[in-house]
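For the protein sequence lines, the chains are A and B, in the order given.
Residue numbers for the first sequence follow the numbering used here, beginning at 473 and rising by one.
Residue numbers for the second sequence follow the numbering used here, beginning at 729 and rising by one.
Keep in mind the hints are simulated off the structure, nothing from the lab.
Here a beta-carbon is modelled for each residue, glycine too, at the ideal position from N, C-alpha and C.
Check before you lean on any hint, since a few could be wrong.
Unchecked claim - Pairwise CB distance ranges (calculated):
| hint | chain 1 | residue 1 | chain 2 | residue 2 | range |
| --- | --- | --- | --- | --- | --- |
| 1 | B | Pro765 | A | Gln688 | 22 to 32 Å |
| 2 | B | Pro765 | A | Arg689 | 41 to 51 Å |
| 3 | B | Ser749 | A | Gln503 | 13 to 23 Å |
| 4 | B | Ser749 | A | Gly576 | 45 to 55 Å |
| 5 | B | Glu758 | A | Leu787 | 33 to 43 Å |
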Amino acid sequence: MAVEAAVVVVTRALCILLLLSGAVSAAVLPQDRADVMYHAYQGGGVTIDGPAVMLRKKAGQSVSLSAYYYIDTVSGASVDVQATASAYTETRHEKRLGIDYLAGNSIISANYAQSDENDYNAKSVSFGIAHDTFGGMTTLSLEAGLGDDKVGRNGDDSFSEAVKRSNYKFGWTQVLTSSWIAALNMQVDLDEGYLNNPYRSVRYRDANDPRGYAYQREVYPRTRNALAVSLVNKVYLPYRAALSVNTRHYQDSWDIRAFDIELEYVHPLSQYWTLEGKVRWYSQSQADFYRDLFDFASQQNFLARDKELSEFNNLTLGVGASYHLSSFGFWPDARPELNLQWDHIRFNYKNFRNLTVAGVDVGLEPLYQLDANVIRAFFSLYF
Amino acid sequence: MNKLTSISLLTLLATLSGCASVEPWVKPYERDKLADPIMAFGRHPVALQHVAHVQDSREAAKGANGSGGGGCGCN
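Pulled out of the complex, with its shape left as it was, chain B reads as follows:
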């Protein structure tokens, strides 16, 4: 096992050992602003479809213009 692999494994173990200290830092009751409809990704899906269509038709680039959605755990 070379030196680089050893360092990598040690780093991995050291980081994993710190996992217990990583906790969600924004509690559900602190997400009222994120739950506001103005903060939603894709507030108007029907309009977004059209925007994406206009762009895809006239630009070479495409993709990655959506969002996995959610994430705020609101509701």
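Chain A on its own, in the form it takes in the complex:
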């Protein structure tokens, strides 16, 4: 019966796809806009901030070009770095260029991205196609991306490693009613190479060390395959407001399972003000080779004590406001807008301990917890 039910589901999906060619609809290129943003993240002893600029402009009727430039400067030291090294400052520059080509009901896209910092360089390209069909009620999209990273380590010129990344995405966006739209997204990531953080270490019990433990470098597997599936539902409420529910499941070959759910509410107050609020819950299990404290050095083939690979959850509360400014006299068609968004995130680690607390028996240090504040202030111009 289960097989038959699956056949029915698949054939119904086929049914819809077979109708696609006869559907009358038209894909639309994204609107021209420019954004200038200041962003800041502060939490866990680290401050990361900087500017970002994004520009999107049509060139003729069928082409839309986009460019993105982002800088972040990291300063301070996170709790894991505090235990083994000193505070640092570094700057990362990220550039993206994209082109979208409108061909009938389809948009074909190509993107290039590059990220540079003094010990890490990443380049990637992606190609995608999105097809509007079924009377404009359905959008199907496919994307493939390839990336090449070069990993260095400050203070060690002889250290040079590489990572090759590839990802494949599938998206299905569906209008369900006149006030309800949903999207199903799937992504497969295949990473191969040096996937460690070259600065982080694991700790193991060592009776000869005055602290009761010593450190050695992390060792990660050289491959990581991951699958993520998300479902977004967005509803227009009986009054002018939008509510969206976004859920995602993630799992990978390091045995990490994660789930997150986000509720977002957007409420225009007047022709000038739009307010928004969100709540997000995220939870993950640990990588199978993660431990906060190993029993002895090189206890197993792979070793990690990176808190991002530990078991933890976090809760985000976010609010935002948009203010629609009056049009400029010299450019009446352009619509300017000011935006401010603030997120507060609390991370609760379940098996990552805070080693900066002194006078506690080894392995019994308090579990680490951190609060982060994230701010985005940006000016947008739609034209």
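Starting from the known structure of chain A, arrange chain B on it as the hints suggest.
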């Protein structure tokens, strides 16, 4: 051909034969609410990039946080 395959093929044919009755049920002129900017996926792309970056840096999970976009056939 075993029984299961026969049933599957019959089911496939029966479902495909009903294709003609499946039509878009939300007409373009009924999509004014979906066309409202507050209903757009990724209203602020520059902010979304930053949100995704913050999450990807501090969480093991990544991906599938975008949308194929469009879909409402508005405009």
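A quick look at each hint next to the structure:
A hinted range of 22 to 32 Å is violated for the C-beta pair Pro765 of chain B and Gln688 of chain A, which are about 53 Å apart. Checking the proposed 41 to 51 Å range against Pro765 of chain B and Arg689 of chain A shows it holds: the Cβ atoms sit about 50 Å from each other. Checking the proposed 13 to 23 Å range against Ser749 of chain B and Gln503 of chain A shows it is violated: the Cβ atoms sit about 36 Å from each other. Taken as a hint, the range 45 to 55 Å is violated for the pair Ser749 of chain B and Gly576 of chain A, whose Cβ atoms sit roughly 26 Å apart.
Glu758 of chain B and Leu787 of chain A have their C-beta atoms about 38 Å apart, which keeps the hinted 33 to 43 Å range intact.
This entry does not satisfy hints 1, 3 and 4, going by the numbered hints stated previously.
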